[in-house]
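Take the sequences, apply the hints, and build the full model.
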Amino acid sequence: MSLARKSAVVVCTVWSLVALGSCVIFATTGVSQLSTDAGQGARTAIAALLLAGLATNGVVSTLAWRGRKRGQLDERDAAVALRASQATLIALAAIIYAACIGLYVAHEDAGVLPAGWLYILAYGIVVVVSLVHSIALLVVDIGGRVDG
Amino acid sequence: MRNRVRELREARGLTQAELAARSGCTRQTIIMLEKEKYVPSLSLAFAVAAVLGDRVEEVFQPEGSSG
Chain D
1 MSLARKSAVV VCTVWSLVAL GSCVIFATTG VSQLSTDAGQ GARTAIAALL
51 LAGLATNGVV STLAWRGRKR GQLDERDAAV ALRASQATLI ALAAIIYAAC
101 IGLYVAHEDA GVLPAGWLYI LAYGIVVVVS LVHSIALLVV DIGGRVDG
Chain G
1 MRNRVRELRE ARGLTQAELA ARSGCTRQTI IMLEKEKYVP SLSLAFAVAA
51 VLGDRVEEVF QPEGSSG
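As given, the protein sequences belong to chains D and G, one line each in that order. When we follow our numbering, the leftmost residue of the first sequence carries the number 1, and every step to the right adds one. When we follow our numbering, the leftmost residue of the second sequence carries the number 1, and every step to the right adds one.
It should be emphasised that the hints constitute simulated quantities derived from the structure, not laboratory data. All residues carry an ideal CB built from backbone N, CA and C; glycine is no exception. Some hints could be false.
One side of the interface only, derived from the structure: several residues of chain D facing chain G at Cβ under 10 Å [to be verified]: (1) 2; (2) 3; (3) 5; (4) 73; (5) 77; (6) 81; (7) 85; (8) 116; (9) 138; (10) 141; (11) 143.
Encoded structure:
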C-alpha cells in the first residue's frame, strides 16, 4: 500500500471514530442541554475527540511532507489529492445546505433555533470535512482516473 | 492514453518498484500507468521512456492512434 493510501486509511479510520463518538455524545446529551452548564462535560469530550482527529491530521501531514522529500509521494498523488479536494468542496456545500435547510424547515414555526444546533453544525463541519476528504482520496486513488 | 510500459518493462527485466525508483515516481503510479488509468505529465513520460530505453512516442500513444 502506498504512503498516500495508508495515510488516507488512517485519517478515515480516526475521523470515523471521532464522528461516531460525537454522534453518541450529541445523542445522549441532547441539543437543549448542549449549550447549558450541564452540557460542559459533553462539550469538553467533543473537543477532546476533535483534538485527537486534528492531531492525526498533523502527524499525517508531517509524514506526507517527509514522504514527498523521499520520493514516496509523486505527481499522481498530488493529482489525486486535488481531485479529492474538489469532490470534498462540492460534497461539503451540499451537506451544509441540506443541514441548514433541514433545521430551517424543522424550526420555521417556532421562529427560534436552539443554540446547541449551531454548536453541532460548527463541530460537525470539521468532522465532515476530514472524513469526506479521506474517503474521496481513497475512492479517487483506488479507482479514479486522474491526469498528470 | 495507451502505453507499452508493462511490455517494455518486462522485456528489460525490471520490476515495477525498480522502474518507479529510476523514473522518480511511486510504484503505485507505475501500476496505474500500466493499467492505463493514469496519464503522466510530460516530464514523467520522458523519464519513464528514458529508463525503458525507448522514445516517448514509442512508449505512449494517444487513444485511437495506429502506431
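Looking at the structure, which of the earlier hints fail to hold? 6, 7, 8, 9
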